[in-house]
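Taken in order, these protein sequences are the chains called C and R.
Each residue of the first sequence is one higher than the last, beginning at -17 in our numbering.
Each residue of the second sequence is one higher than the last, beginning at 18 in our numbering.
It is possible that part of the hints are untrue.
What the hints assert, rightly or not - Beyond 12 Å from chain C on every Cβ pair, some chain R residues (computed): (1) S26; (2) K39; (3) T41; (4) L63; (5) I79; (6) N84; (7) A87; (8) H89; (9) P99; (10) S102; (11) H126; (12) L128.
What the hints assert, rightly or not - Straight-line alpha carbon distances no greater than 30 Å define the calculated DSSO-like cross-link-like pairs of lysine-lysine that follow: (13) R:K59 <-> C:K34; (14) R:K85 <-> R:K74; (15) C:K49 <-> R:K85; (16) C:K34 <-> R:K88; (17) R:K116 <-> R:K85; (18) C:K(-9) <-> C:K53; (19) C:K4 <-> C:K34; (20) R:K74 <-> C:K26; (21) R:K74 <-> C:K1; (22) R:K85 <-> C:K26.
Stated by the list, open to error - So the derived list for chain C, only partly shown, Cβ under 10 Å to chain R, looks like this: (23) V(-14); (24) D12; (25) L25; (26) I27; (27) S30; (28) N33; (29) I37; (30) I38; (31) A74; (32) S81; (33) S82; (34) L84; (35) H85; (36) F86; (37) G87; (38) G89.
FYI, nobody ran anything at the bench for these hints, they're computed from the structure.
We put the beta carbon where it would ideally sit given N, CA and C, even for glycine.
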Amino acid sequence: DTAVSQTPKYLVTQMGNDKSIKCEQNLGHDTMYWYKQDSKKFLKIMFSYNNKELIINETVPNRFSPKSPDKAHLNLHINSLELGDSAVYFCASSQGAVSSPLHFGNGTRLTVT
Amino acid sequence: GENVEQHPSTLSVQEGDSAVIKCTYSDSASNYFPWYKQELGKRPQLIIDIRSNVGEKKDQRIAVTLNKTAKHFSLHITETQPEDSAVYFCAAGGNRDDKIIFGKGTRLHILP
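I would like the entire structure built from these sequences, with the hints used as guidance.
What follows is the structure in structure tokens.
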């Protein structure tokens, strides 16, 4: 069983559309994250939730809205997609404290045309 | 907030030789320093981590050293093998900002 699973694996869409990426972890972890990896491979944190509560919200456009229905799920909804949103989005989870290892999902490659 | 610098951005070493990747961090409150390996098209995976109460940690061919005074830490891979080819990321966390910040990555090529 995949510990952190995200869907879809690939997402191709046009500018202006709205799309969602889903993430689920079965590790029993308290904290979940969204990271964005651009074409240069930079890994940048976007959001972090601890037990369904938002604890980190980086300077991300408000077109990006995370939602955590329970501590095992963290979804990412993106409105009015732009070309610059094209990237690989990784979901991750950790036990709770920031000095805990991150477990990443396999990533969602988003391509905006 | 925390800032993590990583060097070099690309590194080529002959198979069997050692590889060293270096990182510096800015926030003296950081106390957790993981290293991740990302193979082409795959997710980053933790290979080793170190906490600020130790200066060195080793796991088979991989070792990490930490100098808290100078705020830098390094990854050492000995007897490199073709499967070591990947992008390696250092990171720092446990600081007052409550998040893990990644370096920009080092693409390691193992030459036959």
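Status of each hint after checking the structure:
Residue-level check failed: R:S26 sits 9 Å from the nearest beta carbon of chain C, not beyond 12 Å. Distance check for R:K39 against chain C: the nearest CB is about 18 Å away, which clears 12 Å, and the non-interface claim stands. R:T41, annotated as away from the interface, keeps every beta carbon of chain C farther than 12 Å; the closest lies near 17 Å. Not every C-beta of chain C lies more than 12 Å from that of R:L63, the closest at about 5 Å, which undercuts listing it as non-interface.
With a least CB separation of 15 Å from chain C, R:I79 remains clear of the 12 Å interface cut-off, as annotated. No beta-carbon of chain C is positioned within 12 Å of the beta-carbon of R:N84; the least distance is around 18 Å. At roughly 20 Å from the closest C-beta of chain C, the C-beta of R:A87 stays outside 12 Å, upholding its exclusion from the interface. Every beta carbon of chain C lies more than 12 Å from that of R:H89, the smallest distance being close to 18 Å; the non-interface claim holds.
Listed as outside the interface, R:P99 is consistent with that label: its C-beta sits roughly 20 Å from the nearest C-beta of chain C, beyond the 12 Å cut-off. With a closest Cβ-Cβ approach of about 14 Å to chain C, R:S102 is found to remain outside the 12 Å limit, as its non-interface label requires. A cut-off of 12 Å between C-beta atoms confirms that R:H126 is not in contact with chain C; the least separation is 14 Å. Once the 12 Å rule is applied to beta carbons, R:L128 is consistent with being away from chain C; the minimum gap is 21 Å.
Taken as a hint, the R:K59 and C:K34 pair is honoured in the structure, with Cα atoms around 27 Å apart against an allowance of 30 Å. Proposed proximity of R:K85 and R:K74 is supported: the alpha carbons are some 14 Å apart, at most 30 Å. Between C:K49 and R:K85, the direct Cα distance comes to roughly 37 Å. Violation of the 30 Å bound is thereby established for this hinted pair. The suggested pairing of C:K34 with R:K88 is violated, with an alpha-carbon distance near 34 Å, which exceeds 30 Å.
The suggested pairing of R:K116 with R:K85 holds, with an alpha-carbon distance near 19 Å, which does not exceed 30 Å. About 22 Å separates the Cα atoms of C:K(-9) and C:K53, which keeps this hinted pair within 30 Å; it holds. For a cut-off of 30 Å, the pair hint linking C:K4 to C:K34 stands: about 15 Å separates their Cα positions. Of the pairs offered as hints, the one joining R:K74 and C:K26 holds, with about 26 Å between alpha carbons and a cut-off of 30 Å not exceeded.
A C-alpha spacing of about 43 Å is found between R:K74 and C:K1, which places the hinted pair above 30 Å, so the restraint is violated. With a C-alpha separation of about 24 Å, the suggested pairing of R:K85 with C:K26 holds against the 30 Å cut-off. Of the supplied interface hints, the one on C:V(-14) holds, with its beta-carbon coming within about 8 Å of a beta-carbon of chain R, less than 10 Å. Contact between C:D12 and chain R, as hinted, is not supported at the beta carbon level, the nearest pair being about 13 Å apart and thus beyond 10 Å.
Interface hint status for C:L25: upheld, as the beta-carbon distance to the closest one in chain R is roughly 4 Å, under 10 Å. Taking 10 Å as the C-beta contact cut-off toward chain R, the hint placing C:I27 at the interface holds, the least distance being around 6 Å. The criterion of a C-beta within 10 Å of any C-beta in chain R is met by C:S30, whose closest approach is roughly 6 Å, and the hint holds. Of the supplied interface hints, the one on C:N33 is violated, with its beta-carbon coming no nearer than about 14 Å to a beta-carbon of chain R, more than 10 Å.
The interface hint given for C:I37 is met, as the beta carbon of that residue sits about 6 Å from the closest beta carbon of chain R, less than 10 Å. With a least beta-carbon distance of about 5 Å to chain R, the hint placing C:I38 at the interface is held under the 10 Å criterion. Hint status for C:A74 relative to chain R: holds, with the closest Cβ pair at about 8 Å, below 10 Å. Annotation: interface hint on C:S81 holds; nearest CB of chain R at approximately 3 Å, less than 10 Å.
For the restraint placing C:S82 at the interface with chain R, the shortest Cβ-Cβ distance is roughly 8 Å, inside the 10 Å limit, so the hint holds. Because the beta carbon of C:L84 sits about 6 Å from the nearest beta carbon in chain R, less than 10 Å, this interface hint is met. The restraint placing C:H85 at the interface with chain R holds, with a minimum CB-CB distance near 8 Å, inside the 10 Å limit. Checking C:F86 against chain R by beta carbon gives a least distance of about 4 Å; that is within 10 Å, so the hint holds.
Hint on C:G87 holds. Least Cβ distance to chain R is approximately 6 Å, under the 10 Å limit. Interface restraint check: C:G89 against chain R, minimum CB-CB distance 6 Å, threshold 10 Å, status holds.
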